[in-house]
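4 protein chains.
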Amino acid sequence: MRTGVWLVGARGSVATTSIVGALALRAGLAEPTGCVTELPALRSAALPALGDLVFGGHDVVATPLVKKAEALAAAGVLPPRLVTALAEELAGVEREVRPVPTGGRQAGTIAAITADLTGFRARHGLDRVVMVNVSTTEPVPPTHPGHADLATLTAVLEAGQAVLPPSAGYAFAAFTAGCAYVDFTPSTGARLPALAELAARERLPYAGHDGKTGETLVKSVLAPMFAMRNLRVRTWSGVNLLGGGDGANLAEPAANAAKAASKQRVLGETLGYVPQGTTRIEYVEDIGDFKTAWDLVTFSGFLGIPMRMEFTWHGCDSALAAPLVLDLARLTAAAHVAGRTGPLTELGFFFKDPLGSVADSGATAETEGFGGVAETGGGHALAEQWAALRGLVRRLDATVGRDGTGHTGDACGRDEAGDAVGRDGAGDAIAA
Amino acid sequence: MRTGVWLVGARGSVATTSIVGALALRAGLAEPTGCVTELPALRSAALPALGDLVFGGHDVVATPLVKKAEALAAAGVLPPRLVTALAEELAGVEREVRPVPTGGRQAGTIAAITADLTGFRARHGLDRVVMVNVSTTEPVPPTHPGHADLATLTAVLEAGQAVLPPSAGYAFAAFTAGCAYVDFTPSTGARLPALAELAARERLPYAGHDGKTGETLVKSVLAPMFAMRNLRVRTWSGVNLLGGGDGANLAEPAANAAKAASKQRVLGETLGYVPQGTTRIEYVEDIGDFKTAWDLVTFSGFLGIPMRMEFTWHGCDSALAAPLVLDLARLTAAAHVAGRTGPLTELGFFFKDPLGSVADSGATAETEGFGGVAETGGGHALAEQWAALRGLVRRLDATVGRDGTGHTGDACGRDEAGDAVGRDGAGDAIAA
Amino acid sequence: MRTGVWLVGARGSVATTSIVGALALRAGLAEPTGCVTELPALRSAALPALGDLVFGGHDVVATPLVKKAEALAAAGVLPPRLVTALAEELAGVEREVRPVPTGGRQAGTIAAITADLTGFRARHGLDRVVMVNVSTTEPVPPTHPGHADLATLTAVLEAGQAVLPPSAGYAFAAFTAGCAYVDFTPSTGARLPALAELAARERLPYAGHDGKTGETLVKSVLAPMFAMRNLRVRTWSGVNLLGGGDGANLAEPAANAAKAASKQRVLGETLGYVPQGTTRIEYVEDIGDFKTAWDLVTFSGFLGIPMRMEFTWHGCDSALAAPLVLDLARLTAAAHVAGRTGPLTELGFFFKDPLGSVADSGATAETEGFGGVAETGGGHALAEQWAALRGLVRRLDATVGRDGTGHTGDACGRDEAGDAVGRDGAGDAIAA
Amino acid sequence: MRTGVWLVGARGSVATTSIVGALALRAGLAEPTGCVTELPALRSAALPALGDLVFGGHDVVATPLVKKAEALAAAGVLPPRLVTALAEELAGVEREVRPVPTGGRQAGTIAAITADLTGFRARHGLDRVVMVNVSTTEPVPPTHPGHADLATLTAVLEAGQAVLPPSAGYAFAAFTAGCAYVDFTPSTGARLPALAELAARERLPYAGHDGKTGETLVKSVLAPMFAMRNLRVRTWSGVNLLGGGDGANLAEPAANAAKAASKQRVLGETLGYVPQGTTRIEYVEDIGDFKTAWDLVTFSGFLGIPMRMEFTWHGCDSALAAPLVLDLARLTAAAHVAGRTGPLTELGFFFKDPLGSVADSGATAETEGFGGVAETGGGHALAEQWAALRGLVRRLDATVGRDGTGHTGDACGRDEAGDAVGRDGAGDAIAA
Ligand SMILES: NC(=O)c1ccc[n+]([C@@H]2O[C@H](COP(=O)([O-])OP(=O)(O)OC[C@H]3O[C@@H](n4cnc5c(N)ncnc54)[C@H](O)[C@@H]3O)[C@@H](O)[C@H]2O)c1
Ligand SMILES: NC(=O)c1ccc[n+]([C@@H]2O[C@H](COP(=O)([O-])OP(=O)(O)OC[C@H]3O[C@@H](n4cnc5c(N)ncnc54)[C@H](O)[C@@H]3O)[C@@H](O)[C@H]2O)c1
Ligand SMILES: NC(=O)c1ccc[n+]([C@@H]2O[C@H](COP(=O)([O-])OP(=O)(O)OC[C@H]3O[C@@H](n4cnc5c(N)ncnc54)[C@H](O)[C@@H]3O)[C@@H](O)[C@H]2O)c1
Ligand SMILES: NC(=O)c1ccc[n+]([C@@H]2O[C@H](COP(=O)([O-])OP(=O)(O)OC[C@H]3O[C@@H](n4cnc5c(N)ncnc54)[C@H](O)[C@@H]3O)[C@@H](O)[C@H]2O)c1
Ligand code: NA
Ligand code: NA
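Protein chains in written order, with full-length UniProt numbering: chain X, 1 to 432; chain H, 1 to 432; chain D, 1 to 432; chain F, 1 to 432.
Pulled out of the complex, with its shape left as it was, chain X reads as follows:
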């Protein structure tokens, strides 16, 4: 199943690391460390093979991929030997990275993006294309009535207005082109009722928001630990020091606000209350692509005795993000094949601010219930999200034959399946 991965922000750090990594894995030059779909528990014939992924994308800058890869190698994000070894393959991908259509009205831009996507699919004879947004985080946009329903939105766009933030424009184009959409950023993306409507109409799945790679990942296991032990978290305060392109942008108060909100959500939803403290993001150019996050947690134990924990996380954001981008592309493509539509809530494992609820996502009663909202389906605890993800992979698995070569053609939802056939008729239903 040759599958297209269309990266918005294709010349950025995360995108370039994803591309180099996929090429390295295909060439047998690296281990799939960090790829969760390569864990024994999640391997599935329903997923396109890493070697079957074909890359393309948009970016507003023109730096050649190989130059960006060399810069990442110099910064310690990529092993230099891989960049050298894969220069030719990178030049191949380069041909499929397009400038962002500009100039005219937003409707025209969206149409041009749609055409780029269908052209890419046709040129490479791809079964499916998944668009993944890894471009610069946008400020939170002003609301507009056109966001609320598809008819209004279409009318407004046709009237020449530009009412969508770029990420939502990309999602609109993806759905129009029959592509699934994943948002790895905190930007708006598909998170508008009008776009949900469009995805439903086109029978397409989508996923997001904001890849969970560092401090929030740690929070998503520590907060449940405190909850499961009935320890009362009093404060949780943190600071993230980061450089790199993403850091510079997040230093802008507007982008920062979007991100910081994503980062604290896990606490309230896992603990059932919001402890004091905030998470700050600070841009420090010299830190570069390796982020340092420090968190202090103060909590009360038995009889109110005060205790504390602190941690420092020193991670390379792009190297943490890239394998997840590959995982998401594979999982979303397989979900598309299997006929899933709407938000893929079982992919909360990958996100700081996951779409939808996990109420019907496969988390069993045993894994829920230590926190407050968790009892009613919050689902921010990593182990719960793992269970949901595993459930998804099992259901996808059930759609393919024993030999892994194709689909069984059987319904695979738990109860409500059968009628939910994928847009192109190839897949059978998995109810979400």
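Wrong hints could be hidden among the right ones.
For the chain X half of the interface with chain H, some residues (derived, Cβ under 8 Å), not all of them [what the hints assert, rightly or not]:
hint, residue
1, T33
2, L39
3, P224
4, L231
5, L320
6, W386
Treat the hints as calculated values from the structure; they're not laboratory data. Treat the numbers as computed from the prediction; the structure is a model and nothing was measured. Cβ atoms here follow ideal geometry from the backbone N, Cα and C, with glycine treated the same way.
Could you slot chains H, D and F with the ligands onto chain X? The hints should help.
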């Protein structure tokens, strides 16, 4: 259901904190922070109420409980106001704390301990008594053929030999007296084939080993995080600085060895491989009852990029341990009532070095499987252990009537129930 | 030499801790830990004894000192036994804590404060009174022409205008009453040309600004370490989490700005360049009086190899500040006696943002010179400041007789002494 | 002044980094970051220029320098571009790296080493040669009467006994060849009365022990901070995790003991008492050449209030050590020229366990005196050591003409100069 809790090491820090805490909770003077059986998800009418617990125990020292409690208050482990308010109740418990029988042969000591237990049960008209070992950690004892089967052991003891370490002697006495046994320490306790035989014969449940309160607790959520994300942990090195009575003892190389082994087990069993590094325990008198643990974790991400995390945990060990002692006493007593016998593997949540396997403990397929051995049932990940614990509480719950006042009398095992009736006929089976 | 200490903000945390501490030391109930004037190297007969300090002050709130002391004891800042033991003495000090005169014009307020000071001195027959500002940090005030010279200022005040921030009004009153003035806060205090003129006219010494108690103290030894080793600091970023009254105020952006500026000064002046990064102050109510500061330092070593250091400081601000308040009162009173006027630059050891330069303060060539500006007299390195302080104490020492009972009457400045006689004729000159 | 630097352990990490660094500096390919003799305050015409250093040495292994340099580059210790650029120069140095003479009696080995040194000096027409020991740390050797005086030692060696540890054998050879000796390791080196006698007879200076590069460096500024503030350090506990060749060796208990002792000395000597706690060294292969040290300090403030600080140091040991090796070679050569003999106590700045006392080393009264023994001249505080080092450079400076081209020939000691003429007549005395 008035339930006895017999504490071995009753005048120690953990024991005294447990007693003061239970009295404070009964008197409505404190919140049940730290008690996991008070979480909404784990509350059950099958458990004896906190107010129904009756305390007694053995110790080799004679410091009055109230003096020990005052010392703990001065050290910040107990709120001074509680010690003042509960002085009278503490004096009541004092009457049930006995010196450790000494002098004669080990068989005699065991018989004297057994008599202390049955006397305690009779005096207070208790439905059940659970012995909890919270005494000083012992060195690993030399092996002896008598450990391997009950007949040999009985013969050897009757012949006047002292072949059991004290903790195993206590377990022998508990089982002989018809009491369940919990080992909160890394000592031998019931962990000998001969004692397993005795527990089985007497149809008694037991649990252990080594309460999981600090650094290992954190490991049990962080190691699964790395595993679930397919990140390769390269080293995990830590140091535990602690003072207090337990610290002084653990500074002895022999006791230290037992403890350090407990502490690393979680890594191998959760990750499926053993990273480099060790966990050291260092006694620093001035640190007192608040332990500081520091851990460094280095790991590789995508394409082998090196990253690192460190954490500092600053916790009050006794305040972390005490509510778990109460939880364990409640759960084990309820399991006894419900007819459970042998190791309570579902209580792994509480222990560094849990007894038995979780293969049949209620963990569902969804919660397993990210690590190596986890796939085959290792079960050291906290979320898996939570699921197993929750499953146990559900099954216990099913044994009591809707109104919570008594037992249904129905079998409650999944398949193999019915025949496993508790020693005193009061409970029905839950197969372990 | 009975010496008055008049505390502005007398009911605050720092003030109350200072008072309780001085009373405890006088009563022999505590060791002088944290008092640098009690170190063998700095002990001097020229300093008033701790037992000779007499306290009074102003505050805008009315909480009795003993209530505040009890609250501090509950928060772990003061040992409860001391508060109990000293209740009576505290009630004695209580009588000398006055409400802040309010209502009328600023000139009137200043006059009333002056009267409070002279009344206090007379009532207790004090040789000297030192005013120490430990009140809430003020926002940076707007500039006004009256700040620039005394004649204008006097005229403007007499015309009924309120052009001074409160701290400067207190300094004006202190100088008018013939009292030395110390500013332990980052507020304006005596830091206006008009007030320098007044202090000079009245032949009075003063000192400030902003007590150096936590993270900045650590910076003042670590930054010189990097400088002396020729290691290039690339970034220095930190966060201070604090609760308590001071924390709540510093959460106000205006006060925060004043404080954060103080905190970074040490880096530029010690290193000779300003590394990237900022120091943030965050108010977290639950943290209370114990501040947690975390700093990350990244630096380059030989051949540009990148390295890093981080530290966490967990200190009780009031307990760090209080002994310094006592030290400053003793040193400033002795300097006053010895005829010193103007800024006491040798007291930079105590401050984040010290007044004046150390060019002529006793630091020898050997202790200078590793950094950039240090070469020209910056003097923010703690060891240099220690040397300057030690030089001051030696010169003060030279003004008193061998038996420590009185002054020698000899000039003690290095060159320019002799003519600089204290306002009240009691002291002889030490040139600053 | 062309100066030889003879490295014992010439193929090790520190040696190779020193050589590559010196070549890079000479070629203008790098900044002298980390070289303290390049600070404005310490620059002196009395020191040989970096470009005038000529390298040679001994090692027991045969790995070519360029191979070692490549390995260090791969490990992040050296910038790869420098190794590439300097390959030819490295091959030049290679010719002067000799295998360690072995086989015969120790007297013979020493003679062979001596011959290697004099050959090297002659071949390159060097003014001076300094031997620097950067070889593997030895276990503490058994004592032997021959260590106590030169006559006995000579007799014993001539009798065919091997009574010196290798490092002392090297020092014997250096002194015999008229070379100064620096010990950068904790090994015995010149630290034997017999060798002191030999150095005195040959009028040679020497320095040591154990380069101060990481955690101990930090201690040498933090401990004085606590002392100067009269804060009572209660515990100071640390762990050093390190890999690399040195780490593997230090994992041997014997070598570890020598090192750990060095590391704690600074505390007792700076504070005047020894706090609780220990420093542990742990070998973790994966950590490689970047050491991570974590230290916890608990201390009491005013009225006994407990506080704490912790720090993590993540440094590249070889990159920290190498510039100091160059500094030490330059300073020791200049001291030799200037006629200094015996231990160079003013070089304590560079060492964990400095030779001799600083009583007469140029530290002024102002910089001493906050600690206990410091009062009597301990001199472990970095700022004191800096002052002593600066004093030495000034005195060396005074021995050369204004134009920096040659020596003035004037006496330069403070009182006792004049008579102390260097062995080869080139230098005049500086009394130590
Ligand atoms: N790396 C992580 O761990 C992580 C985690 C969560 C989310 N994210 C998000 O992923 C995104 C990418 O991060 P990065 O580090 O690669 O940033 P980056 O700055 O390196 O790359 C972003 C790229 O997007 C391009 N771009 C900007 N506007 C665009 C537009 N309108 N259309 C197409 N391309 C556009 C930029 O030119 C740039 O090449 C960010 O939004 C970041 O917040 C990253
Ligand atoms: N506190 C924790 O977080 C924690 C976690 C895991 C395990 N543990 C274990 O719990 C145990 C108790 O810890 P603690 O801090 O209360 O220690 P402690 O030293 O304060 O108390 C131990 C008590 O056991 C008594 N004792 C010793 N030998 C005995 C014997 N033969 N019979 C009866 N009593 C005996 C001692 O006199 C003492 O009063 C230790 O083994 C410890 O390793 C504690
Ligand atoms: N504690 C430290 O380590 C430290 C270090 C440096 C500076 N400081 C400064 O010391 C000051 C005191 O700190 P704190 O923790 O005691 O704060 P606090 O809030 O406990 O006390 C301040 C007191 O000042 C009083 N006050 C406010 N305005 C006043 C006025 N106009 N006249 C008289 N009194 C007034 C308040 O009522 C309060 O009682 C702050 O400015 C703080 O920034 C403290
Ligand atoms: N790097 C630092 O920060 C630092 C600080 C203080 C002290 N030191 C000391 O410096 C020394 C060198 O450290 P390193 O990291 O370079 O170690 P290393 O293991 O890389 O190098 C030591 C070298 O010495 C050689 N050697 C061993 N025995 C020898 C002998 N008898 N004669 C000649 N050569 C011999 C070895 O073959 C090796 O090449 C160690 O003793 C270490 O403790 C290093
Ligand atoms: Na840390
Ligand atoms: Na830390």
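Now for the hints, and whether the structure bears them out:
no., hint, result
1, T33, "holds, 5 Å"
2, L39, "holds, 5 Å"
3, P224, "holds, 7 Å"
4, L231, "holds, 6 Å"
5, L320, "holds, 6 Å"
6, W386, "holds, 5 Å"
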